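The whole structure should be built from the sequences, with the hints applied where relevant.
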Amino acid sequence: MTLGYVEEKDKVATPFDSVIEFYNDKHTQFLLEQFLAQVKAFFELNPALHTQPLPAIHSVKSRMKAPSHLRDKLERKAQTGIVVTPESLFKEVTDLISVRVLHLYQDQFTVIHSEIIEKIKTGDWTLGEAPKAYTWDPESKQFFENQGVVTEVRDSYYTSVHYLVKPNTTNDLCCEIQVRTLFEEIWGEIDHAINYPHQTDSVACKEQLRVLSKLVSTGTRLSDSIFRSYNEHLERSRD
Numbered sequence: 302m303t304l305g306y307v308e309e310k311d312k313v314a315t316p317f318d319s320v321i322e323f324y325n326d327k328h329t330q331f332l333l334e335q336f337l338a339q340v341k342a343f344f345e346l347n348p349a350l351h352t353q354p355l356p357a358i359h360s361v362k363s364r365m366k367a368p369s370h371l372r373d374k375l376e377r378k379a380q381t382g383i384v385v386t387p388e389s390l391f392k393e394v395t396d397l398i399s400v401r402v403l404h405l406y407q408d409q410f411t412v413i414h415s416e417i418i419e420k421i422k423t424g425d426w427t428l429g430e431a432p433k434a435y436t437w438d439p440e441s442k443q444f445f446e447n448q449g450v451v452t453e454v455r456d457s458y459y460t461s462v463h464y465l466v467k468p469n470t471t472n473d474l475c476c477e478i479q480v481r482t483l484f485e486e487i488w489g490e491i492d493h494a495i496n497y498p499h500q501t502d503s504v505a506c507k508e509q510l511r512v513l514s515k516l517v518s519t520g521t522r523l524s525d526s527i528f529r530s531y532n533e534h535l536e537r538s539r540d
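According to our numbering, the sequence shown is numbered sequentially starting from 302.
Simulated from the structure, these hints should not be mistaken for laboratory data.
Small disclaimer: the values here were computed from a predicted structure and weren't measured.
All residues carry an ideal CB built from backbone N, CA and C; glycine is no exception.
Derived SDA-like pairs: lysine to any residue, alpha-carbon spacing no greater than 25 Å straight-line:
#1 K467 with Q330
#2 K327 with T386
#3 K362 with R401
#4 K467 with E334
#5 K467 with T411
#6 K378 with T395
#7 K467 with A342
#8 K362 with I418
#9 K374 with G489
#10 K341 with N469
#11 K392 with D473
#12 K362 with K392
#13 K374 with T386
#14 K442 with H359
#15 K374 with S319
#16 K420 with P468
#17 K362 with A338
#18 K378 with L332
#19 K422 with T411
#20 K374 with I321
#21 K327 with S363
#22 K378 with A494
#23 K442 with S524
Cβ pair distances, simulated, as ranges:
#24 E536 with Q380: 53 to 61 Å
#25 S538 with V412: 21 to 29 Å
#26 H534 with K392: 49 to 57 Å
#27 A367 with R537: 44 to 52 Å
#28 S389 with S457: 21 to 29 Å
#29 H534 with L513: 28 to 36 Å
Shown next, in the form of structure tokens:
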């Protein structure tokens, strides 16, 4: 056998192979890509989120879960007693596709949240679960709760608002929507690079990420202050 080459007869089947095969199937990929494109277009093309001179949305990202990451997640779920099958994949793994919506400062979240909820009310989407804000900052917690969003404090210092939307009530397929500021995105990308799919055991990295999260919170607050001052200036200029 040549180094690096594994013959079919030497491959060891795993309980997750059928799930990965179903996920990679062209029909499954089409369903996922179709809904992902729809959700992404809602944020990119919605005029209510792109009013001038300062649109509520800075940028939009999207992604489909890599098969290797899906396999890793299936293994972690199996360790907790949850066995995922092709039939239950959409129900058990709700982040196969995701859209990340980035905005400059926290006050813009109100507009973005309102547009998502309106989309739900019209019946174009349905919620897989109630929206949830993850944060560690008491002021941010109060802000999100004032918007009617359930809030969960995380020791990891992760900050983001999550929505699970589905095409309709009879479809288990979900798209995860994450809404966060650009400052929070920086922290999230660094944390993801270090802690995903498995958390680092470096105490120094963990402490540094906590410090960075506090800097991010300060930056977000300062951004809010700057734009509130800017908007007040514009209002005075119109008078």
